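Two chains, each in its own frame: build the complex with the hints.
Okay, here's what each chain looks like letter by letter:
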Amino acid sequence: MEAARTIDGFAETDEKQCARTGEERFQELYEATSRPLWAYLFHVLGRADAADDVVQDTYCRFLERKTPEMDAAATKSYLFRIATNLVRDRYRSGAGTLDQLDEMDEAHREAPASVTGPGMEAQLDVLAAMGQMKPRERELLWLAYVEGMSHAEIASTTGLGKMSIRLLLFRARRRAAQLLRPERTEL
Amino acid sequence: MNTTNCERESEVVRDGRAGAWTPEQLAHLASCALCAETRRIALALAASAERSHSLHAMPSAGQVWFKAQRRAREAAIRRATRSMRVMRWLGALYALALAAWGARTLLGGELHALTPTFKDAGFAALGGLGAVACMALGLLIFVGDGRRKQGLGR
Numbered sequence: 001m002e003a004a005r006t007i008d009g010f011a012e013t014d015e016k017q018c019a020r021t022g023e024e025r026f027q028e029l030y031e032a033t034s035r036p037l038w039a040y041l042f043h044v045l046g047r048a049d050a051a052d053d054v055v056q057d058t059y060c061r062f063l064e065r066k067t068p069e070m071d072a073a074a075t076k077s078y079l080f081r082i083a084t085n086l087v088r089d090r091y092r093s094g095a096g097t098l099d100q101l102d103e104m105d106e107a108h109r110e111a112p113a114s115v116t117g118p119g120m121e122a123q124l125d126v127l128a129a130m131g132q133m134k135p136r137e138r139e140l141l142w143l144a145y146v147e148g149m150s151h152a153e154i155a156s157t158t159g160l161g162k163m164s165i166r167l168l169l170f171r172a173r174r175r176a177a178q179l180l181r182p183e184r185t186e187l
Numbered sequence: 001m002n003t004t005n006c007e008r009e010s011e012v013v014r015d016g017r018a019g020a021w022t023p024e025q026l027a028h029l030a031s032c033a034l035c036a037e038t039r040r041i042a043l044a045l046a047a048s049a050e051r052s053h054s055l056h057a058m059p060s061a062g063q064v065w066f067k068a069q070r071r072a073r074e075a076a077i078r079r080a081t082r083s084m085r086v087m088r089w090l091g092a093l094y095a096l097a098l099a100a101w102g103a104r105t106l107l108g109g110e111l112h113a114l115t116p117t118f119k120d121a122g123f124a125a126l127g128g129l130g131a132v133a134c135m136a137l138g139l140l141i142f143v144g145d146g147r148r149k150q151g152l153g154r
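In order, the protein sequence lines correspond to chains S and U.
Following the numbering used here, the numbering of the first sequence begins with 1 at its first residue and continues without gaps.
Following the numbering used here, the numbering of the second sequence begins with 1 at its first residue and continues without gaps.
No lab work stands behind these hints, which were simulated from the structure alone.
The structure presented is a predicted model; accordingly, all values stated were derived computationally and were not measured.
Be aware that a few hints might be false.
Calculated lysine to aspartate or glutamate pairs in the EDC-like style (CA-CA distance at most 20 Å, straight line) [what the hints assert, rightly or not]:
#1 S:Lys66 - U:Glu74
#2 U:Lys67 - S:Asp57
#3 U:Lys67 - S:Glu137
#4 U:Lys67 - S:Glu64
#5 S:Lys162 - U:Glu7
#6 S:Lys134 - S:Asp89
#7 S:Lys162 - S:Glu137
#8 S:Lys66 - S:Glu23
#9 U:Lys67 - S:Glu28
#10 S:Lys162 - S:Glu147
#11 U:Lys67 - S:Asp52
#12 U:Lys67 - S:Glu147
#13 S:Lys66 - S:Glu121
#14 S:Lys66 - S:Glu28
#15 S:Lys134 - S:Glu147
#16 U:Lys67 - S:Glu31
#17 U:Lys67 - S:Asp53
#18 U:Lys67 - S:Asp49
Isolated chain U (complex conformation) (with noise of 0.2 Å):
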């Protein structure tokens, strides 16, 4: 025995709960401070766990199988809307970058910039790069739902 455990700790936790105790270990209990306390808090525990028990009404099973069926359904949702959801936000950002080039263009009177120059292909392939950046993104995001959706499955 060291000052801090008592190597028969778990002994005494475990049969203090049967409450099934031989002479020897009631005699190692009289001598071991250590068992002792263990026991007395133990028991102490114990008594209250089962007051506890006795006293509280519990959810039953079923509300909680439901609760959990409908944070799963909602989980999925979730997870299938969220593409869906970035695809709209950089739908919304793109239409706005157009607006403002379009409002640029009408309202500087720069008319003329509407009929094709070198300079407007450049701003064209700049616009396409982006759309295509977009789709890529979207295409990305799906993808990573499917193996998501997958691993879950298994």
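Okay, chain S solo, but in the shape it has when bound (with noise of 0.2 Å):
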């Protein structure tokens, strides 16, 4: 509810709003939506680092195009598109060859310098059950389990089409319980 708040406060254009700086408004903004957009990237590419300068180029990139007003829900999904697109170029690019896209699998199923202290296994199963998944299964299952987005909202952030969201996230949530071990998940 705060965050949402927050988010709301960067679309304000009342006299108040306009007298804070842009700096400021920004700061509030990335408070509210930094970290789950970090947590996405970090899930769905593997590493830390990459995780780093997505969610950087991701703001740089939102604060380029001068954005219409939009309202906390639609900032954030409007956030998760351009990061969903830049891993996608990530991936096209040198990136995208075979071995980078292995040595990322590969990245998923060793343990992260984040990965440490109380409840690690359970985050490296589930890593490890990521990184043998599809990139486009492991953005499926983050956006609607962990976001909570609907399926409309996944079909707008990923470019893909709505009606094809629900046999795509049922393919991978299959898929995720099959690589989830049960007696670590189970809460």
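Shown next, in the form of structure tokens:
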């Protein structure tokens, strides 16, 4: 709720808001959205440093585009859409070679630097399972089950057809259910 | 309920994150394999997200803001100098063509060709047309850049 209020603040245009500097408004938006966005990218890309880069690029693009006023949900969805497109660009560019994709999947299987401490095994299981899934499956699962997006929102964020989301999500969920070990994920 | 989706799936995800289950929902979870599977995956992913949040140090908003400002400045410089770069290339090409024509005339002993004749007037007209085309192209690039900047400022 608090996050939604701060994102809304970014789009407000009354005099009080206009008087504030763009940097302050950006800071509020960043505080409200950067962590969920980073977690999404970390689990899709499998690497903390890559997630850091894409998070920064996402906000740079958001600021460059001088977007029209949007509510909290639309702003967040827009950020996730930019990030998803950047991830695709990464896969398509030099990073799109099979070797690099294997390397990324390998990174999912290995323990990343940020995975230590209690609950580590469960998180490693999640990361290993994500590593064995297709990038699109990772995106769909995360957007649906962590971000709680509707099928229409997922379609808008990923650029996939609204009608195909249901089936793709079903397949991704089945695959995740096979890969995640019940004894560790049963909370 | 069908074999691929349960209509209560979104409810399961939403309430699962809040951790608030009514007895009716718990009964549904016990009877619906799809929702039970959804709940298990959603909770595992959410726990992993929570851990990632708490363990990773994000770059500060200020860092990202300054990076965006720097990128915007660099993009503006690139846009502003693009037309100059194109004009420089066109100028170099034109100078090269002129030098080639001059060398051919001088080395070929065709000095008499430097005196104006009807044929040379044709060459001159051709060169003039080339220059006018270059100027028109340059003007188009400048106008295009100006319009783009106006569009960005909107």
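Going straight from one Cα to the other, do S:Lys162 and U:Glu7 come out at no more than 20 Å? Distance ~16 Å between S:Lys162 and U:Glu7 Cα, so the pair holds.
Is the straight-line distance between the alpha-carbon of S:Lys162 and that of S:Glu137 20 Å or less? 15 Å, holds
Given the hinted pair U:Lys67 and S:Asp53, is their Cα-Cα distance within 20 Å? At roughly 11 Å apart (the allowed maximum being 20 Å), S:Asp53 and U:Lys67 satisfy the hint.
Against the 20 Å threshold, does the CA-CA distance of U:Lys67 and S:Glu64 hold or violate the hint? 11 Å, holds
Quickly compare the C-alpha distance for U:Lys67 and S:Glu28 to 20 Å and report which way the hint goes. Holds: U:Lys67 and S:Glu28 sit about 17 Å apart, inside 20 Å.
S:Lys66 and U:Glu74 were given as a pair; does the straight-line alpha-carbon distance stay at or below 20 Å? 17 Å, holds
Within a Cα-Cα threshold of 20 Å, do U:Lys67 and S:Glu31 meet the stated pairing? 17 Å, holds
Does the alpha-carbon distance linking U:Lys67 and S:Asp49 stay inside the 20 Å limit? Given pair U:Lys67, S:Asp49 holds - Cα atoms ~17 Å apart, limit 20 Å.
Going straight from one Cα to the other, do S:Lys134 and S:Asp89 come out at no more than 20 Å? 15 Å, holds
Straight-line alpha-carbon gap S:Lys66 to S:Glu121, limit 20 Å: Roughly 42 Å separates the two Cα atoms, so the pair is violated.
Next pair to validate is S:Lys162 with S:Glu147; report whether the Cα-Cα distance is within 20 Å. 17 Å, holds
Given the hinted pair S:Lys66 and S:Glu28, is their Cα-Cα distance within 20 Å? 17 Å, holds
Of the numbered hints stated above, those contradicted by the structure are hints 3, 12 and 13, listed in ascending order.
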